[in-house]
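Visitor: Chains as they are written, first to last, in numbering that gives the first Met the number 0: chain A, 0 to 325; chain B, 0 to 408; chain C, 0 to 289.
Since the hints were made in silico from the structure, they are not lab data.
A few of these clues could be false.
As the list claims (entries may be wrong) - Covered by chain C, according to a simulated footprint, are these stretches of chain A (three or more residues, beta-carbon under 8 angstroms):
1. 85–94
2. 160–167
3. 297–309
As the list claims (entries may be wrong) - Chain A residues, not near chain B, derived (Cβ > 10 angstroms throughout):
4. V43
5. V141
6. A149
7. F209
Every residue gets a Cβ at the ideal spot worked out from N, C-alpha and C, and that includes glycine.
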Amino acid sequence: MSVLTTSVPERSLLLHHPFVRVALSGISFAALLAAPSFLPAYFVEIGFKLLLYIVLAEAWNLLAGYCGLVSLGSSSFFGLGAYVTVGLLNHTGSGIGLALAASALVAMTLALAMSRGLFRLRGLYFTVGTLALAEALRLLVVNVPWFGGATGLFVSADLPDVTELFRDAALLLVVASLVMTLATGSRFSVLLRAVRDDEDAASQVGVRAFRVKLAAFMVASALIAIAGGLQAIKLGAIEPYGSFGLQWSVDPLAIVIIGGLGMRFGAIVGAIFFVAIGELLADYPELHVAITGIILIILIRCAPRGLCGLLETALRRTGPTKVASS
Amino acid sequence: MATRTSRAASSAPLPVLKRLLPVALLTIAVAWTSTSAKAADEIVIGASIPLSGPLAGFGSFQKWGYSRAVDEVNKAGGITIDGRKMPVRLVLRDDKTDPNVTAANTESLLSRDQARALLGSCTPALVNAGALVAERKKIPLVTGCNPLEAFKSVRKWNYAWDLFFHEPELAAIPFKVLDDLKLETNKKVAIFHDNGPDGQVVGGTLWPQMAKAAGYEVVQNASFPVDNTQFTSLVAEAKAKGAEVVLVDAITPQAVSIRKQIASAGYAPKLLVIEKGAEPVQFAEALGKLADGVLVGGYWDPSFPYPGAKDLATTFESETKLTFSQHIADSYAAAQILLDAIASAGSLDPEKINAAVAKTDKTYVVGPIKFDESHNAKLPLAMLQWQGGKTSIVWPADRATGKILFPVP
Amino acid sequence: MPGLDVIVNALISGLLLGGMLALTALGLSIILGVMRLVNLAHGEFLVAGAYAGLFLLQRTGIDPLVGLLLIGLILALIGYPIYRFLLAPLAGKGSEAAMMTMFGLSIILQNLFVLLFSADTRAIERDYATIPLMLGPISVPQIYVIGFAISVALIMAVHVLIARSRFGSELRASADQPLAAAIIGVNVSRVHALTFCLGTACAGIGGTLIGVALSFTPTSGATYLLTDFAVIVLGGLGNVLGTLVGGIVLGVLQSVGGLTLGDGYRDLVGLVLFLAMLQLRPQGFLGSRA
C-alpha cells in the first residue's frame with residue numbers, strides 16, 4: 000500500500016503524457032517478467048498466487064463494478080478452465096499456451112450458452128443463478144465418469160516450474176489490465192455504465208444492453224478460465240471439490256470488497272491485503288479462518304469503500320492534491 | 000446506493016500503466032509478510048493438515064500424532080546432524096480441506112520455513128496435492144492416511160512415501176469374515192459407495208469382483224457424491240431386492256445417515272459393513288445402539304502386538320480426554336519413520352534423508368514397515384465391530400477380542 | 000426397472016422429504032424476500048439449530064421436537080445481535096456488503112463450531128427417528144412424516160402471521176416498497192430486525208429436524224444452503240407458501256432423479272431444474288412479483 004501512496008501524486012503530474020505511459024507500462028511489465036529471476040522462491044510462489052487473485056478479482060470487478068452483474072459463479076469458469084486445460088494437455092499433447100487458449104474459448108462458449116437465461120435474471124436472481132450454475136457444473140463433473148469422478152485428473156506431462164507459471168500469470172494480468180482499461184476508458188465504458196445504472200433506459204436510447212453485458216461476461220469468463228487452467232497446471236492434480244469450490248467465487252468478491260468496489264486499484268490492493276493476511280496468519284492454523292472472517296466484517300463495516308476508499312479519504316485530508324477525483 | 004459515487008469516480012479513463020505500476024512492485028509490498036525465521040541449528044519439518052473444513056476431525060488426530068513423535072525426539076535431546084545435536088521444529092499449516100491450499104501450504108513450508116522434510120495431509124486428494132509439490136521440489140514426504148492404490152495411481156513416486164492399508168485387502172475382508180466365521184446369508188449383496196478415489200476402487204471395482212469370486216450375487220451397486228444426504232431410493236431398492244449383505248464405503252456423516260435410513264426403511268440386512276465412515280468413535284456416539292453390529296475394517300488397535308501400541312492410545316486419551324482413533328497411530332508412525340531416517344542420514348540433505356527413508360525396515364507402532372518399489376508400506380488389517388459403543392476385533396481369530404454379533408441386531 | 004412399490008415409495012418419501020426441505024429453506028426465504036439479503040450464513044444457522052437441539056436433549060433431557068419453539072427462540076436471540084450490530088449499520092450500502100458480511104460470519108461460525116464442539120459428525124439420537132411407518136407394501140420413515148407435519152404447520156403459521164397480522168402488513172410493505180413504507184410510518188429497521196430473528200428461528204427449527212432425521216457436522220451448512228436456494232427460487236422469492244410448493248416439487252423430482260439415474264444425481268437433477276426454472280419462470284410457481 001505504500002506503493003500507492005507514493006505513486007499517486009506523481010501520477011497526476013507527468014503520467015498523462017502518452018509516451019511516459021507507454022514507457023512506464025513497458026518498464027513495469029519487464030520488471031514483472033524479470034522478478035522471478037531475482038526474487039526468493041517464497042515470493043515467486045506468493046507472487047503467482049497474488050497475480051491469479053488479481054486477475055480473478057478484476058474479472059469479477061468488470062462484471063459487478065462496471066456492469067452491475069454481481070456474480071457468485073466465478074468457480075464455474077475457473078473449474079471449467081482447469082478441466083479443459085488438463086484434459087487437452089493429457090489427451091492431445093498440446094502445449095500449455097494452446098490448452099489455455101482453448102479453455103478460454105470453451106469458457107466463452109459456455110458464457111454465451113448460459114447468457115440468454117442468466118441475463119433474464121436481474122439483481123439477486125442473477126447472483127443466485129450463477130451460484131447454481133457453478134454447483135451444477137461441479138455435480139456434473141463429480142458424477143460423470145469421464146472426468147474422473149471425485150478422484151479428478153492428474154497432469155501426465157511434466158510440469159513447468161513456478162518461474163514460468165509466474166510469467167504466464169503476469170502475461171494474463173497484462174491482458175486483464177488491457178481489458179479493464181478498454182472497459183473503463185473507451186466508448187464501451189460509456190455503454191457499460193449506461194447498462195449498469197439503468198438497463199431499461201439504456202435499451203430505450205438504443206444501447207444493445209444484452210450485447211454489452213454479453214461481451215463483458217464472455218471476456219470475464221475467458222480470463223477466469225485461463226486463471227483456472229494456470230492453477231491446474233501448477234497443482235498437477237485437480238478434482239471437482241477443489242476446482243469448482245465456492246472459494247473461487249467468494250474470494251474474488253471478498254478481495255474487491257476489501258479493496259473497494261468499482262475502485263480502480265480495488266482489485267490489486269484487496270488481493271495484496273488478502274494474500275498478506277493469509278500468510279501472516281499461517282502460524283495460527285486453528286484460528287486463521289475465523290480471524291479472516293472477522294477482518295472481512297470489520298472492513299466492510301468501517302471501510303464501505305474498501306481500503307482504497309480509506310486511502311483516498313486519508314489523502315484528501317492530508318494533502319490538497321486532486322488525487323481523489325482523478 | 001452509496002457505491003454509486005465511487006463507481007462514477009472510477010469511470011474516468013484508466014491507463015494500463017496505472018494498474019501495472021503497483022503490480023510491478025507488489026512483490027516488494029508482500030515482503031512485509033516475510034517473517035521467515037532462519038535458524039540454522041534446528042531441523043524444520045513441515046506438515047499441511049486439515050484443521051478446518053470437513054476433514055478437521057482427521058487433522059486433529061494427525062496433529063497429535065506428529066507432535067507426539069517430534070516431542071519425544073526433542074525430549075531425548077534431538078537428532079545428531081553432522082556431529083551436532085539439533086532440536087526438531089514441526090511447522091503445521093491448516094489446509095482447510097482444500098487441495099489448492101495443501102499445495103500452496105506445502106510450497107510455502109519449503110520456501111518460507113525452509114522445511115527439510117515433510118509429513119502428509121489426510122485423504123487422497125489432499126495428500127496427493129502436497130506430495131506432488133514435494134516431488135517437484137525433490138523433498139521427502141512421509142504420509143499415512145492415503146490408501147495405497149489411490150496413492151500409487153497418481154504417478155511413479157520418487158520422494159513421497161505412504162504407509163496405509165491396501166484397498167484389495169480391505170475389500171476382501173467382508174468375504175473372508177463371512178467364510179471364516181461361517182455366517183449364513185442368502186448370498187445377495189448390495190453395495191453403496193461414494194465416488195471418491197477409494198470409494199470408487201473399493202465399492203466400484205473390488206467388491207463386485209470379490210463378491211463374484213466368493214460366490215455371492217451383487218444385486219445392486221450404487222454410487223453417490225460425498226455430499227449427498229439422501230439415500231432413501233437406494234436403500235429402498237436394496238430392500239426390495241432382498242440383499243442380506245450390505246457393503247458401504249462412505250465418509251462418517253453419510254455413514255450415519257445411511258445407517259439411520261436403513262433402519263427407518265424397516266430394512267434389516269444380516270451383515271452390514273460400513274468402511275471408512277464407521278471407523279471413528281463419533282459414528283457410534285451419533286447413532287447410539289443403532290451402531291451395534293456394524294462392521295468396519297481397521298488397520299490399528301491398541302491391542303495389536305506392536306511396541307508402544309497400548310501406551311500410545313493411553314497417552315492420547317489421558318492428554319486429550321478424547322477416545323483414540325487409529326489415525327493417531329499412522330501419523331505417529333509416519334513422523335517416527337521420517338525422524339529415524341533423518342537420524343540415520345545424519346544430514347539435512349533431502350537426497351540423503353530420502354535414501355534413508357527408502358531403507359526403513361523396522362517395526363513401528365502400526366507394525367513392520369518396509370517400503371516396496373512403489374513406495375508403499377501395507378498395514379495389516381482386522382475386522383472391527385461396534386458392540387455397545389466400543390469396537391471389538393472379530394477377525395482374524397488370532398487377534399480377536401470379541402465374538403461377532405450376527406445377524407445385525 | 001424398480002418395482003411399482005419402490006416407485007410409489009420413492010414418490011411418497013420425496014413428497015415428505017420435500018416438506019422438510021421447505022422447512023430448512025423457510026428462514027432463507029423470509030430473509031431474502033423481505034430484506035433482499037442473500038444470507039450466506041443460513042447453512043450455519045441450520046447447523047446451530049441442530050447443535051441447540053442436541054445439547055438441549057443431552058443437558059436437560061427435553062426432546063428436541065418438544066422443545067422446537069425453545070430452539071427457535073434461542074436462535075432468534077442469537078439472530079438479534081447479528082442483525083443489530085452487523086447488518087443494520089450496512090443498511091443502504093448495497094447488497095454486496097451485507098452478503099459478504101454474512102459470508103464472513105459463516106466462516107467464523109464454522110470455525111467456532113469446530114473449536115467448541117469438535118469436527119465430529121453428530122446426530123440427535125431418537126428412537127422415533129429410525130423406525131418405519133408401514134402402510135401395506137408402502138413404508139416410509141416415520142421421521143419424514145413428523146417432519147412434514149411440522150413443516151406444514153410452521154409454514155402455515157408464518158404465512159398467517161404475514162398475511163393477517165399488523166406486523167405482517169408492515170413486513171409486506173417493507174419488502175415491496177421500503178421507501179414508501181418508511182414514509183407512511185413503518186419502522187423498516189424494526190421490521191427487518193424481527194424478520195431476521197424470525198428467519199434464524201425458522202432455520203434453527205429446520206436444523207434440529209435435520210439433526211434428528213439425518214446427521215450433521217460443523218460444515219454441513221453449505222450443502223443445505225445451495226439446495227435451499229433452489230427451493231425458494233422454485234417457490235418464488237419471499238413467497239412463504241411457495242417455499243412449501245418449491246420444497247415438495249424439488250423433493251419429488253429429486254426422488255425421481257435418484258430412482259432413474261441413481262442417488263448421486265439427486266442434487267444435480269434439483270439444480271438443473273432450478274436453472275431451468277430461473278430461465279422460464281423466475282418468479283417461481285406461485286409468485287407474481289419478479
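Visitor: For every hint, state whether the structure bears it out.
Guide: Status of the hints after comparison with the structure:
1. With 0 residues bearing a CB less than 8 angstroms from a CB of chain C, the region 85–94 of chain A misses the requirement of three and the coverage assertion fails.
2. Check result for the region 160–167 of chain A against chain C: violated, 0 residues qualifying (beta carbon to beta carbon below 8 angstroms, three or more required).
3. By the rule of at least three residues with a Cβ nearer than 8 angstroms to a Cβ of chain C, the coverage given for the region 297–309 of chain A holds, with 3 such residues.
4. With a least beta-carbon separation of about 8 angstroms from chain B, V43(A) fails to lie farther than 10 angstroms from that chain, contradicting its non-interface assignment.
5. With a least beta-carbon separation of about 4 angstroms from chain B, V141(A) fails to lie farther than 10 angstroms from that chain, contradicting its non-interface assignment.
6. Distance check on A149(A): its Cβ comes as close as 4 angstroms (rounded) to a Cβ of chain B, failing to clear the 10 angstroms threshold; non-interface status is violated.
7. The claim that F209(A) lies off the interface holds: its Cβ sits roughly 21 angstroms from the closest Cβ of chain B, which is beyond the 10 angstroms cut-off.
When each numbered hint is compared with the structure, violations occur for hints 1, 2, 4, 5, 6.
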